[in-house]
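Spelled out, the chains give:
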Amino acid sequence: MTAARSVRAASAGAVAVVLPRAAWACAVCTGQDDAAVSLAILKGTALLSLLPLALIGGLVWFLRRRAREIESARGAFREQESPR
Amino acid sequence: MNPPAYGSVRVVAEQRREPLIPNGVMGMLIFVVTEAMLFAGLISAFTITRSSAVVWPPPGQPRLPFEATALNTAALLASAAALIWARRCFDRNRRTARLPLAIAVLLGAFFVVSQGAEWLAMLRQGLTLTSSQLGSFFYVIVGFHALHAVVALAALVYTWVRLQRGWLASSQLGTAQVFWYFVAGIWPILWLVVYR
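Chains as they are written, first to last, in the numbering used here: chain A, 1 to 84; chain B, 1 to 196.
If you're looking for bench data, these hints aren't it; they were derived computationally from the structure.
There may be inaccurate statements among the hints.
[As the list claims (entries may be wrong)] A short list of chain B residues far from chain A (calculated; beta carbon distances all over 12 Å):
id, residue
1, Pro19
2, Thr34
3, Thr47
4, Arg50
5, Ile103
[As the list claims (entries may be wrong)] Okay, the calculated beta carbon distance ranges per label pair:
id, chain 1, residue 1, chain 2, residue 2, range
6, A, Leu42, B, Phe31, 36 to 42 Å
7, A, Ala54, B, Pro19, 21 to 27 Å
8, A, Gly58, B, Gly41, 17 to 23 Å
9, A, Phe62, B, Ala169, 18 to 24 Å
10, A, Phe62, B, Val150, 46 to 52 Å
[Said to hold, decoys possible] Partial list, derived from the structure: chain B residues whose beta carbon lies under 8 Å from chain A:
id, residue
11, Leu20
12, Ser51
13, Ser52
14, Val55
15, Val140
16, Leu168
Glycine is no exception: its CB is placed at the ideal position from the N, C-alpha and C atoms.
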């Protein structure tokens, strides 16, 4: 192997070693305090994961409660109207 | 099942189910859920950016007027309370809902105008959409909320006009209510997260 080839191979190896490190970098981790950023990311993840479940769950709960209210009102009306 | 007889008409009684809640209210609820996710994404991005900054607010940028905006926040919450009052009046006697609905509209208008004045003050102090991350987030998050507040206020004014003319349906008031409660309900969260 010539000297030039050796240099090229070593350069390519160095790039191959460095590249994965760049891939690990997070686009939002630019600050000094990693703990604060980690906590913020964790909070954000929790918010964005749980909020849709809470909103859809709340809507379903509200609709079920409303359905029960209407059904009980209908039942009371039928009892009132039915001849004894 | 008997075959249909020629020369006679078969009357089929369809049992139609009433919707649990008016369609307008349901549509608005779905819209509000999607908008809540939009604001949750913006709040999440803002929190991460803020926590990664060494100095906050960024150098050369003004501090957001947390204390001064407390009055606007109180006005918006009072407006939502007035709308609850309007609903109760509407269910008893429609005419009596005029005053609380007008109060809700005026308090909402106060909030929108005060926010506009605050924006002008912040622009004069050098906080613009491109001046810093704070400026970008401030105008996007608070701007989106302001857009919602203006549209919801227009809906409230429309509701009030229909009430004045005696054309307001219960479902229409309900739809405007859901939107306004969303605008009023999400604001204290934005205020505490962005301004503090």
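Checked hints:
Listed as a non-interface residue, B/Pro19 fails to keep its Cβ farther than 12 Å from every Cβ of chain A; the least gap is roughly 10 Å. Against the 12 Å criterion, B/Thr34 falls within the reach of chain A, whose nearest CB is about 9 Å from its own CB. Against chain A, the non-interface label of B/Thr47 is violated: not every CB pair exceeds 12 Å, the least being about 5 Å. A Cβ of chain A approaches the Cβ of B/Arg50 within 12 Å, the least distance being about 7 Å, so the stated non-interface status is violated.
For B/Ile103, the shortest C-beta to C-beta distance to chain A comes to about 27 Å, beyond the 12 Å cut-off, and the non-interface label holds. For A/Leu42 and B/Phe31, the Cβ-Cβ distance of about 29 Å falls outside the hinted range of 36 to 42 Å, so the restraint is violated. Between A/Ala54 and B/Pro19 the beta carbon distance is about 24 Å. The supplied range of 21 to 27 Å therefore holds. Against the hinted window of 17 to 23 Å, the Cβ-Cβ separation of A/Gly58 and B/Gly41 comes to about 19 Å, which satisfies the hint.
Between A/Phe62 and B/Ala169, the C-beta spacing of about 21 Å keeps the proposed range 18 to 24 Å intact. Between A/Phe62 and B/Val150 the CB atoms are about 27 Å apart, so this pair departs from the stated range of 46 to 52 Å. Nearest Cβ of chain A to the Cβ of B/Leu20: about 5 Å, under the 8 Å cut. The hint holds. Taking 8 Å as the C-beta cut-off, the interface hint given for B/Ser51 holds, the closest approach to chain A being about 4 Å.
Annotation: interface hint on B/Ser52 holds; nearest CB of chain A at approximately 3 Å, less than 8 Å. With a cut of 8 Å, the hint placing B/Val55 at the interface with chain A is violated, because the nearest CB-to-CB distance is about 10 Å. Interface hint status for B/Val140: violated, as the beta-carbon distance to the closest one in chain A is roughly 16 Å, over 8 Å. This hint is violated: B/Leu168 has a C-beta 22 Å from the nearest C-beta of chain A, more than the 8 Å allowed.
Hint check: violations occur at hints 1, 2, 3, 4, 6, 10, 14, 15, 16; the rest are consistent with the structure.
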